[in-house]
Structure formats: structure tokens, C-alpha cells
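Colleague: Each chain, letter by letter, is given below.
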Amino acid sequence: DSGVTQTPKHLITATGQRVTLRCSPRSGDLSVYWYQQSLDQGLQFLIHYYNGEERAKGNILERFSAQQFPDLHSELNLSSLELGDSALYFCASSLSGGAWDEQFFGPGTRLTVL
Amino acid sequence: DQQVKQNSPSLSVQEGRISILNCDYTNSMFDYFLWYKKYPAEGPTFLISISSIKDKNEDGRFTVFLNKSAKHLSLHIVPSQPGDSAVYFCAASARTGANNLFFGTGTRLTVIP
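From first to last, the protein sequence lines are chains A and B. Quick note on the numbering used here: the first sequence kicks off at 1 and runs consecutively. Quick note on the numbering used here: the second sequence kicks off at 115 and runs consecutively.
Be aware that a few hints might be false.
What the hints assert, rightly or not - Computed cross-link-like contacts, PhoX-like style, restricted to lysine-lysine with a CA-CA straight-line distance of at most 25 Å:
| hint | chain 1 | residue 1 | chain 2 | residue 2 |
| --- | --- | --- | --- | --- |
| 1 | A | K57 | B | K119 |
| 2 | B | K168 | B | K119 |
| 3 | B | K185 | B | K119 |
| 4 | B | K182 | B | K119 |
| 5 | B | K151 | B | K185 |
| 6 | A | K9 | B | K151 |
Everything labelled a hint here was simulated from the structure, so no lab data went into it. None of the values given here were measured: they were computed from a predicted structure.
Please take these sequences and the hints and turn them into a complete structure.
Modeller: This is the structure we're talking about:
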């Protein structure tokens, strides 16, 4: 158990809908990262938040947005969903977000768009 | 544009033998490399890392080798055990930039008892 929790574990929805994925980092960690793993692909970095502020952005679509709240939990919002958005979404946390920080991953949320 | 590549989707090894997992990268700015292990229904867990100032890092049964000129790294597991059966991801980062990781597509290792 990494100490990072993600809810829900599974989500099935239809095209055009909007969903919110939630992540609670390990106690004491200030950084949260979101990654997307599509079928047979590696994890693709989406976005990094540190202590409530956006730190870095990867290949995140404009239909996707994220935020980190004062209690440090984070939410990833996916809107106007398409079939291709079906994937595993992982959240990771680290102590400070510095270059040497180990990232601890949650178990992921499996999103299926029908 | 896959900057970190793992060209072998799967690998099977007999228990007790050596497992060698390979990884190539294209971005010369990468200076920190990691291996993650992933079991089904779990997130990746950190296994071992290496900085670009080293060419080898060892931790118990796990050794990572880095060949910067070839932009290649490998993970050696010896001796392999059935509990090592998992998907292994290679990852890299450029620590002068954001601390996000670039992952390979993974290699599924099966250790046969």
C-alpha cells in the first residue's frame, strides 16, 4: 500500500459525459501528479501540482483539467468524453516535487467510455 | 513521440536464472532513470534508480546498468524468483526541467518455477 488513494476504482460512462477522478496523496506529500495509461501504452504524464499550484503540464487535452485543494487532495476532471479517453488514470504523490523525489503511485482509476 | 522505449513486451525466465530487461531512450536531456514494477490492479512501485553520473547501481538482486553513449539501460534480476513476475516499466526524467517521468510501455516478466 503506497498510501495514495484514488476513487473510484472503476468508472463506466458514455461519450460526451463528464467525470471527476479523485486522488488523496500520502500524508505529508505536497506534490500530486496525474498520468494516463492507455491500452498497451506506457504511462503518459498529464499534469503536476505542488501545494495547490500547477507546476508542470504534459500532454493534457484541453477537455481535461485538474486542481489541487487546500487539503492537498486533487481532482482530475475529464469532459466531453470520447472513446479514446478509456484508460487507466494514475495519481502519484511525492514529498516536495523536487528532482530526486520518489513518486508513490495510487492503484489507479479505470475509466471506460462506451 | 515515445522518448522511452521498451521493445520487448514480454520475457519468460526460469526461476533462479538471470532476467535482463532492456530500455532505450532518445532524449539526451534525461539524466535520471528509474525502474518501476507493477502488479495487476496496483499502481507502479519504485524498484531502483540510477543517475547519469553513474553507470551501475545495485540493490540486492537488482542491478541497473546505464550506457549513456548508447542511450540504453538495463535491469538485471538475479536470481529470478516467481514473485518477480510483474510488468516492469522503465522511466526517465530531466531534472533540470519539471520532475515528470517519461515511461516506456513496459515488459511483462514471467518467472517460471
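Colleague: Against each hint, give a clear statement of whether it holds in the structure.
Modeller: Hint-by-hint comparison with the structure:
1. A:K57 to B:K119: 21 Å, holds
2. B:K168 to B:K119: 21 Å, holds
3. B:K185 to B:K119: 11 Å, holds
4. B:K182 to B:K119: 15 Å, holds
5. B:K151 to B:K185: Roughly 21 Å between the alpha carbons, so the hint for K151 of chain B and K185 of chain B holds.
6. A:K9 to B:K151: Answer holds: K9 of chain A to K151 of chain B is near 20 Å, not above 25 Å.
In this structure, every one of the numbered hints holds.
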